[in-house]
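Q: The lines below spell out each chain.
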Amino acid sequence: MLPLVARWGKHAALEVQEYVLLTWATFHGIVTRPIYRHDIVEQFDLIGWGSLTVVLLTGFFTGAALASQSGLTLDQFGARPVVGRLVSASMIKELGPVLTALMLTGRIGSGIAAELGSMMVTDQINALRALGTDPVRKLVVPRVLAGFLMAPVLTIISDFVGILGGWIVARFQLQVATGVYWSSVTQALYMQDVWMGLIKPFVLGFVIVTIACHVGLRTTGGTQGVGKSTTVSVVAGSVAVIAVDFFVTQALIALMY
Amino acid sequence: MATDTQQLARQILSETGAPVIVFDHVRLAFDDRVVLQDISFTLIKGHTKIILGASGSGKSTALKIIVGLLRADAGVVWVNGQRVDQLSEQQMMAVRADLGMIFQEGALFDSLTVRENVGYKLYEETDMPLEEVDKRVEEVLGFIGLQEHIDKMPSELSGGQRRRVAIARAMAFKPSILLYDEATTGLDPITATTVDDEMIKLRDLESVSSIIVTHQLRDAFYVATHMAQRDAAGRVQIVQATAAKEKQAEFIMLRDGLIVFEGDADALRASTDPYIRDFLS
Chain A
218 MLPLVARWGK
228 HAALEVQEYV
238 LLTWATFHGI
248 VTRPIYRHDI
258 VEQFDLIGWG
268 SLTVVLLTGF
278 FTGAALASQS
288 GLTLDQFGAR
298 PVVGRLVSAS
308 MIKELGPVLT
318 ALMLTGRIGS
328 GIAAELGSMM
338 VTDQINALRA
348 LGTDPVRKLV
358 VPRVLAGFLM
368 APVLTIISDF
378 VGILGGWIVA
388 RFQLQVATGV
398 YWSSVTQALY
408 MQDVWMGLIK
418 PFVLGFVIVT
428 IACHVGLRTT
438 GGTQGVGKST
448 TVSVVAGSVA
458 VIAVDFFVTQ
468 ALIALMY
Chain B
687 MATDTQQLAR
697 QILSETGAPV
707 IVFDHVRLAF
717 DDRVVLQDIS
727 FTLIKGHTKI
737 ILGASGSGKS
747 TALKIIVGLL
757 RADAGVVWVN
767 GQRVDQLSEQ
777 QMMAVRADLG
787 MIFQEGALFD
797 SLTVRENVGY
807 KLYEETDMPL
817 EEVDKRVEEV
827 LGFIGLQEHI
837 DKMPSELSGG
847 QRRRVAIARA
857 MAFKPSILLY
867 DEATTGLDPI
877 TATTVDDEMI
887 KLRDLESVSS
897 IIVTHQLRDA
907 FYVATHMAQR
917 DAAGRVQIVQ
927 ATAAKEKQAE
937 FIMLRDGLIV
947 FEGDADALRA
957 STDPYIRDFL
967 S
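Residue numbers (this note's numbering), protein chains in the order written: chain A, 218 to 474; chain B, 687 to 967.
Everything labelled a hint here was simulated from the structure, so no lab data went into it.
Note that CB positions come from ideal geometry on N, CA and C, so glycine has one too.
Please note that the accuracy of each hint is not assured.
[Claimed, not checked] With a cut-off of at most 25 Å between alpha-carbon atoms, the simulated DSS-like pairs for lysine-lysine come out as follows:
#1 B:K821 - B:K887
#2 B:K887 - A:K355
#3 B:K750 - A:K355
#4 A:K355 - B:K838
#5 B:K750 - B:K860
[Claimed, not checked] Derived contacts from chain B toward chain A, CB cut-off under 8 Å, selection only:
#6 D759
#7 A783
#8 E791
#9 Y806
#10 K807
#11 E811
#12 M814
#13 L816
[As the list claims (entries may be wrong)] Quick look at which bits of chain B chain A covers, simulated, 3 or more residues with Cβ under 8 Å:
#14 745 to 756
#15 793 to 802
In isolation and in its complexed conformation, chain A is listed as follows (with noise of 0.2 Å):
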């Protein structure tokens, strides 16, 4: 039973340091040279714009059903009107930020993973060292910015749709007054709680893509290893995200409010 323990905790201790050279790595290939601009512009479409759909749709649905199940508790107080101040401070404070990061891990997570994964088995990334390119550099410092940058913009779009899904139920489900609902949404709005929901997604797509990138460069085992990874990103994503959104909460309350 020692054995097995000291084992895995070697293997923890050798994965936390592998995490953070490779975040060490990263933020030294942001601020030097070599610099490829067209990597970035890929990513940044990839990321940002490839999971526009996704965050859309979540973000209203979820939005909508916060609205309808508000509703029917608001109604205990008789308080239905004031659902938009509930619908706009869950989804700005933590749904939106949340849910986006959760998306990102199940759509860019898993597909940095695999996609850096294969190129570990097949010698890919071997070849590119070879030919004289930093695998860091070239690969991990666009999607780390993309990531990093194109967050906190998928998780204003998606706030928004949410509260658009919000404004839709409670129009047309709650019978709530166009004026009322939206005099609702801002009235409820805090400066604090806007940074919190703009500061909360940069950390969290920084998280999702750096575990991503450290799992698909640490992938060994053939096709077999690749699916290994890419579970291990959603996994370790998703666990990361929920943790790391509770740290970040915990310390911008402290800080801010």
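Go by the hints and put chain B onto chain A.
A: Just chain B now, with coordinates in the frame of chain A:
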């Protein structure tokens, strides 16, 4: 002082018979598994070193150490007059500028076309104008006879074509040393011969020094006993090598991370070592 030393090294390396790769008592182990125990050999400029051995004997590992993809635990490795066993990844980039490697299965970038694969290093890592890169890519693909496939994706090529494109990619930036890692493994004999011919042409017409790792005896002996030359019309012909040329191809046999044989094709054929006899049969 350092400049003088570098100039001297360049001068020595430009002479015939200069050692371009030196392995000096190299050792590498992964945890408890010793892959290379004590390996020493020298590759002479313009010569071919053919490393034979069973799977897991450490052949590919030796190549990866030369190109800096793995780091030896002990021993010294020299490439083109530069000691590489202690260089950082960043410093290795300069060494790799004159070093090409062909990986098992080709390792072509599957999201890039043949043109982009072959010209990868020139497009991405040099300031060469695009027109010149395109010209060089077409020239290299012409050399290996795959011009018509220039805009195809790697998935559209046959196994043999993929290996030849990998050779084209490795030679596009005109390295003086090429390392072939099982370049013909898994290919049918006819296709393997076309790949062998490319290795011979590069060695004899482009003066490329090469290390060939393989366990395909037929290909190893074919490369060692043939040479490329141009006829009066400038056409390339693959013919039987002269005795002097044959001596420039040296075999190394690895077993359990140790060299058990080193010599030319005739010496290998004449060896009475039971393991080698078994391997050759």
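Q: Now tell me, hint by hint, if it's right for this structure.
A: Consistency of the hints with the structure:
1. For the hint pairing B:K821 with B:K887, the CA-to-CA distance comes to about 20 Å; that is within 25 Å, so the pair holds.
2. Simply put, B:K887 and A:K355 have alpha-carbon atoms about 33 Å apart, too far for the 25 Å limit, and the pair is violated.
3. Distance restraint check for B:K750 and A:K355: the Cα-Cα separation of roughly 21 Å lies within the 25 Å cut-off, and the hinted pair is therefore satisfied.
4. Among the hinted pairs, A:K355 with B:K838 is consistent with the structure: their alpha-carbon atoms are about 23 Å apart, no more than 25 Å.
5. Taking the CA atoms of B:K750 and B:K860, the gap is about 20 Å. The hint holds against a cut of 25 Å.
6. Restraint check, B:D759 versus chain A: the minimum CB separation of about 18 Å is more than 8 Å; hint violated.
7. Look at B:A783: its Cβ gets to within about 6 Å of chain A, closer than 8 Å, so that hint holds up.
8. With a cut of 8 Å, the hint placing B:E791 at the interface with chain A holds, because the nearest CB-to-CB distance is about 7 Å.
9. Look at B:Y806: its Cβ gets to within about 6 Å of chain A, closer than 8 Å, so that hint holds up.
10. Hint status for B:K807 relative to chain A: holds, with the closest Cβ pair at about 5 Å, below 8 Å.
11. Against a cut-off of 8 Å between C-beta atoms, the interface hint on B:E811 holds, since the closest Cβ of chain A lies about 5 Å away.
12. The interface hint given for B:M814 is broken, as the beta carbon of that residue sits about 13 Å from the closest beta carbon of chain A, more than 8 Å.
13. Because the smallest distance between the Cβ of B:L816 and any Cβ of chain A comes to about 13 Å, over 8 Å, the interface hint for this residue is violated.
14. Here the region 745 to 756 of chain B counts 4 residues with a CB under 8 Å from a CB of chain A, which clears the bar of 3, and the coverage holds.
15. Chain A is given as covering the region 793 to 802 of chain B, and this holds because 4 residues of the stretch bring a CB closer than 8 Å to a CB of that chain, at least three being needed.
Hint compliance for this structure: hints 2, 6, 12, 13 are not met, and every other hint is.
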